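Turn these sequences into a full structure, and let the hints steer you where they fit.
Quick mapping for you: the protein sequence lines, in order, are chains Z, L and C. Heads up: the first sequence runs through residues 63 to 295, numbered per the numbering used here. Heads up: the second sequence runs through residues 2 to 430, numbered per the numbering used here. Heads up: the third sequence runs through residues 2 to 547, numbered per the numbering used here.
If you are wondering where the hints come from, they were derived from the structure by calculation, not from laboratory data. It should be emphasised that the depicted structure is a prediction, and the values quoted were computed from it without experimental measurement. Accuracy of the hints is not assured; some may be wrong.
Each pair of labels, with its calculated beta carbon distance range [unchecked claim]:
| # | chain 1 | residue 1 | chain 2 | residue 2 | range |
| --- | --- | --- | --- | --- | --- |
| 1 | C | 236 | L | 11 | 49 to 59 angstroms |
| 2 | Z | 217 | L | 397 | 50 to 60 angstroms |
| 3 | C | 295 | L | 215 | 44 to 54 angstroms |
| 4 | C | 435 | L | 9 | 57 to 67 angstroms |
| 5 | L | 285 | Z | 221 | 24 to 34 angstroms |
| 6 | L | 397 | Z | 221 | 44 to 54 angstroms |
| 7 | L | 278 | Z | 112 | 27 to 37 angstroms |
| 8 | L | 9 | C | 403 | 57 to 67 angstroms |
| 9 | L | 285 | C | 528 | 32 to 42 angstroms |
| 10 | C | 330 | L | 371 | 53 to 63 angstroms |
| 11 | L | 11 | C | 322 | 32 to 42 angstroms |
| 12 | L | 215 | Z | 217 | 24 to 34 angstroms |
Don't be surprised by glycine CBs; every beta carbon is placed ideally from N, CA and C.
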Amino acid sequence: MRVTIVQGLEQAYYNLVHMIAEFLPRLVVMLVIILVGLLAAYLLGHVVRAVLRLTKLDRVSEDAGASRVLRMADLPSMTELLSRSIFWITWLGFILIGVSVLGVAGLQEQISRLFRFLPEVFIAMVILFLGLVLANFLSRAVLLASVNAGVRSPKIWSWSIRFVIWILAISMALDELGLARQTVLAAFSIVFGASMLGLAIAFGLGGQDLARRALERYLGNTTKEKYKEPQPL
Amino acid sequence: MADETFLSDDLLRQLMSVGEVDLLVGILAHRSANTVRRAAHYVEKSLQQNFVRQRVAIISVDGGAVDDSGFDERSGDGEPGNNSSSKGMTSLRTIHRVSAAFNGAPSPGLALRTILSASDLLRARACAVVSPATSSTSPEWVANLLRPAFRDSFDFVAPLYSRHKFQGLLARNLLYPMTRALFGRRIRELYSDEWAFSNRLGNFCQNEDVWHEEPVRSRPEAWMGISALTSDFRCCQVYLGEKPPPPDGAGPDLVEVLRQTVGSLFWLLETNQQSWLERKGSDALPTFGPDHAVTAEPQELNRARMFEMFQTGVKELEPILESILSPQTLESIQGIATLDQHAFRFPAELWVTMLYEFAASYHHSVINRDHLVQALVPLYRGKIYSFLAEYADTSATEMEAVSENLCLEFERQKPYLMEKWKAGVEVKS
Amino acid sequence: MALQEDNLWYKDAVIYQLHVRTFCDSNGDGIGDFVGMTQRLDYLQELGTNTIWLLPFYPSPLRDDGYDIADYTTVHPSYGTLDDFKAFLTAAHNRGLRVIIEMVMNHTSDQHPWFQEARSSRDNPKRDWYVWSDTDAKYRGVRIIFIDTELSNWTWDPVSKSYYWHRFFSHQPDLNFDNPDVFEAMWEIMRFWLDMGVDGFRLDAVPYLVEREGTSCENLPETHAVIKEVRKRLDQFYPGRMLLAEANQWPADVRAYFGDGDEFHTAFHFPLMPRMFMAVKLEDRKPIIEILDQTPPIPANCQWCIFLRNHDELTLEMVTDVERDYMYDEYATDKTMRINLGIRRRLAPMMENDRRRIELLNGLLMSMPGTPIVYYGDEIGMGDNIYLGDRNGVRTPMQWNGGTNAGFSFADPERLYSPLISNSVYGYQVVNVDSQRRFSHSLLSWMKALIKTRNSYRVFSRGTMEFLRPSNHRVLAYIRELGNEKILVVNNLSSSAQAVELDVQRYKGYIPIEMFGRNLFPRFGDLPYLLTLGPYQFYWFRLRRI
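And the structure:
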């Protein structure tokens with residue numbers, strides 16, 4: 063019995079040692095790969111940044127209006143964005159390679175699942191990004207319009223718009239990922255969002271001018287008596 | 002754009018009939034369709050009396066495609082009351098009337114483009130544009146606008162008006178001094194409803210590929226004026242007379258006006274960097290008639306509300322202003338916004354700094370450009386409130402000095418704008 | 002070809018205006034005469050004109066080109082004898098040519114025996130035949146016509162120590178038509194010529210016959226009464242003879258001289274003439290349409306007389322100041338070309354010898370409503386001599402051929418009443434009847450064709466006129482209509498090619514036939530009729546429904 067236990071322990075110890083002996087090099091290799099990856103990603107990111115700066119990409123993106131969109135979403139410049147993305151993508155690749163070197167059972171499969179899931183994640187991120195941009199833009203438009211029209215508590219309006227668009231974007235993203243499909247939140251958001259989107263667009267994009275005037279007339283009149291402004295021209 | 006055919010067959014047919022002319026007068030009907038008839042009448046009278054020998058044509062451009070072209074059915078022949086036995090001055094020739102209606106979004110830019118094309122096809126030597134919206138226009142105005150372009154070979158003729166001291170506030174506080182300081186030429190009324198130009202400038206502008214740009218669509222006269230200044234065309238100003246404000250509620254509202262004018266000015270800075278960045282000081286333009294008269298009758302305005310809107314704007318728009326203005330400037334503005342209504346003054350220096358930062362931020366597109374201009378509205382209200390309070394009792398002559406000082410302040414701070422302008426994009430977090 | 006009986010003959014007339022002095026000299030004294038003119042009548046027949054208007058040929062001191070008549074019942078000795086005139090008249094009539102002569106009723110020469118008698122003493126029976134006054138204050142405010150030469154309408158007569166009234170030169174005292182004897186004397190003179198066979202009178206200076214205090218002394222009712230009386234007697238005793246009024250007035254004022262068809266048969270349309278010139282220079286039809294719109298309708302038996310140029314200056318009295326300045330600047334840049342209120346030039350030089358413009362103007366003349374008058378020499382494009390005084394520059398000898406004195410006279414060139422035009426452009430060696438007769442494309446041949454075409458259609462002389470108003474203002478288009486005869490005239494007034502769209506829907510289905518070449522043009526349909534015209538080109542279309 064004792065022998066069996068000792069044997070078992072020995073066996074376990076051997077196994078452990080064996081495992082460790084087998085695993086450690088892989089771990090080292092993985093770490094090396096990840097480190098090399100970090101270095102490579104860093105270098106690549108730098109090279110890309112330098113090249114993009116040389117090619118004056120920012121100027122091009124400025125002309126194309128892309129920079130404005132980025133800035134509206136509080137994102138860095140196009141060069142920065144691209145070089146950072148290159149960095150992260152490269153490093154992520156190295157990390158995954160490193161992890162696969164570990165040869166952990168099941169992990170391989172998880173990684174490949176992750177790769178398969180990636181497009182949906184990407185689309186969901188794009189939706190969130192666009193939602194962010196749109197929410198920023200429209201809420202600012204509404205804020206400006208209400209301030210200039212003399213509407214009381216303009217922030218409530220701008221936040222409402224922002225909120226509605228966020229909810230909409232999040233629910234769409236979740237839907238894209240196939241998560242929480244059944245949840246009340248999603249159903250509610252879509253119904254609520256759909257009805258509010260029209261409003262938001264009307265107040266933001268479709269007819270900023272018209273909507274602003276409508277706001278002025280509709281809300282302005284209720285909150286203030288008509289006031290005479292000196293003619294600007 | 003150049004090979005785009007946007008003139009209708011009907012208009013071409015009319016132009017063919019007119020043939021060649023010496024002078025063309027365009028009526029921008031879209032700005033108020035109902036008074037075109039009156040405008041057509043005084044334009045015709047002016048041409049009858051002042052250009053008896055010249056071949057002339059009037060083109061009424063109606064952006065809204067309203068059926069009423071503003072002309073009487075009967076064309077030039079045998080005009081009633083055109084009796085030759087009277088020794089009065091009347092044109093020897095037929096006065097041609099052309100009316101152009103186009104579909105699509107009405108815009109002054111498109112209307113002007115139509116006029117330019119007509120002027121080109123008619124080989125007009127000089128062309129004036131008038132607006133039926135100006136109620137004080139007289140036949141003399143048309144003649145005064147046309148003469149420098151026709152007789153003295155000026156390429157761009159800007160108007161000068163006699164105004165109440167609290168009229169044309171935007172021009173007085175922003176547009177004129179800023180244009181003057183930056184472009185270095187003193188055009189008082191760059192944003193106007195009446196102006197004239199030569200065929201050289203007309204053809205030059207016609208061939209520019211900017212007609213789809215919003216500032217050109219909404220304020221083509223400013224773009225034309227700046228194009229003339231920056232491309233070394235001969236510019237002058239001519240005094241026309243008193244220009245009363247449009248009746249309340251007639252014109253576009255303040256926000257729209259600022260979007261059109263300031264938006265256009267910023268855009269012009271953007272597109273003409275090469276020509277203004279190097280310029281220093283400012284030169285006067287040749288001027289016919291008195292240079293700009295100011296009157297000073299009292300005027301009733303609701304000022305308390307303006308101040309309130311300024312305060313709210315500064316408070317509520319803080320995140321936006323933060324991205325546009327430098328911290329010091331924003332702080333100063335926030336500082337004056339807390340002042341008591343009676344103690345409040347918007348210093349000229351701060352006003353100019355602030356505007357230059359707006360212009361630079363516009364250049365760097367720190368936020369949506371249209372939003373940027375809109376964010377200026379409450380600040381403008383504050384400035385105007387201060388202006389009205391400060392100069393309520395100032396005489397007309399003193400007002401001139403005040404205006405001049407503001408202009409000089411704009412000129413003094415120009416290097417600051419240049420520095421901001423040339424600085425790289427500041428990423429704000 | 003004898004004269005045809007038609008009391009309205011003046012409507013269909015094409016008048017050739019000339020001065021006997023300028024046409025042909027048969028006796029070698031350097032001055033044209035009736036014998037010479039008789040020899041040249043074939044030419045007028047060949048040209049297609051059917052009426053001759055003779056400028057004054059009476060004995061006269063010739064201080065106003067013969068309008069200062071010293072004897073009303075004979076011929077100036079330089080031009081021949083009364084018998085020569087009679088022979089000329091018969092020869093003309095035999096060729097179907099009618100003759101109109103000048104009659105100056107308003108005034109005589111101060112050399113006329115009547116005036117010599119009247120001034121001789123205040124008691125003379127002829128004293129009251131003229132208008133006398135002890136002061137020059139009467140009829141104050143009446144305009145002076147010859148502003149270049151006369152300071153007042155009154156002139157002091159040192160013989161009878163009083164002032165006499167004259168609307169024209171001081172050597173042309175006005176007759177007093179308040180005196181019935183004057184009228185009777187005048188009528189006697191007219192009978193003298195009518196009995197001889199002349200077909201009509203051009204009455205000179207008609208508006209000024211009678212004077213009344215407080216008026217402009219022009220166009221007075223009393224003046225009209227005098228005319229009405231002449232017309233009454235004419236219709237009664239000499240039917241078929243014609244009176245032509247010279248009244249340089251606005252059409253509405255001239256209209257009065259037609260009365261109810263019981264005053265003048267015809268009158269000059271003065272304001273139209275400068276406007277034709279103006280329209281071509283402006284390249285705009287406005288002046289022509291404007292003046293014809295202002296022209297009132299006239300009685301059915303009356304007719305306007307229209308002309309391009311005549312023996313006087315191209316008068317600019319009936320235009321506005323603006324128009325006059327324009328005409329001066331465009332047609333009389335050289336100040337010597339101007340005289341009084343007008344331009345002393347001939348048609349061809351004014352058109353810069355541009356055949357197309359000369360043709361266009363003649364085309365207008367022949368196609369507009371009215372009896373056209375051709376001034377001698379203009380049918381061959383004669384030039385003028387602005388360096389001769391007064392209006393003599395447009396009264397130089399007719400250029401018949403390139404030989405001695407242009408075939409006008411066999412006198413020594415120095416003896417001619419006026420030097421010939423001899424420059425290299427308009428000189429008689431270049432511009433003359435003989436050389437133009439030789440070519441079918443010459444101006445003369447073209448004029449013959451034009452007049453012949455006009456004479457073939459009564460619609461030109463008697464039809465109505467209606468303007469088409471195409472949007473192209475450089476094109477003047479009108480329809481002449483008389484019963485079934487319809488003619489469309491389209492003129493390009495500009496120096497460049499033009500396209501025009503005519504609204505001829507009313508004439509839908511008609512086929513236009515070009516009248517000079519008789520070619521068919523596309524039928525009128527529902528759409529505006531598109532025509533293209535070369536510089537100064539014009540079309541005459543006969544409209545036929547086939």
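Consistency of beta-carbon spacing, residue 221 of chain Z to residue 397 of chain L, with hint 44 to 54 angstroms: Once the Cβ atoms are compared, 48 angstroms apart, the range 44 to 54 angstroms for residue 221 of chain Z and residue 397 of chain L holds.
Residue 217 of chain Z versus residue 397 of chain L beta-carbon gap, inside 50 to 60 angstroms or not: violated (43 angstroms)
Outcome for the supplied range 24 to 34 angstroms, where the beta carbon pair is residue 215 of chain L and residue 217 of chain Z: holds (28 angstroms)
Whether the CB-CB distance between residue 435 of chain C and residue 9 of chain L falls inside 57 to 67 angstroms: holds (58 angstroms)
Beta-carbon spacing of residue 278 of chain L to residue 112 of chain Z - inside the hinted bounds 27 to 37 angstroms or not: holds (29 angstroms)
C-beta pair residue 330 of chain C, residue 371 of chain L: status relative to the range 53 to 63 angstroms that was hinted: Given range 53 to 63 angstroms: holds, Cβ gap about 56 angstroms.
Cβ distance range 32 to 42 angstroms for residue 11 of chain L and residue 322 of chain C, holds or violated: Once the Cβ atoms are compared, 39 angstroms apart, the range 32 to 42 angstroms for residue 322 of chain C and residue 11 of chain L holds.
Satisfaction of the hinted span 32 to 42 angstroms by the C-beta atoms belonging to residue 285 of chain L and residue 528 of chain C: Given range 32 to 42 angstroms: violated, Cβ gap about 57 angstroms.
Cβ distance range 57 to 67 angstroms for residue 9 of chain L and residue 403 of chain C, holds or violated: holds (60 angstroms)
CB-CB spacing for residue 215 of chain L and residue 295 of chain C relative to the 44 to 54 angstroms hint: This hint holds: roughly 53 angstroms between Cβ atoms.
Outcome for the supplied range 49 to 59 angstroms, where the beta carbon pair is residue 236 of chain C and residue 11 of chain L: Given about 58 angstroms between the Cβ atoms, the range holds.
Consistency of beta-carbon spacing, residue 221 of chain Z to residue 285 of chain L, with hint 24 to 34 angstroms: At 51 angstroms between Cβs, range violated.
The structure does not agree with the numbered hints 2, 5 and 9 stated previously, though it agrees with the rest.
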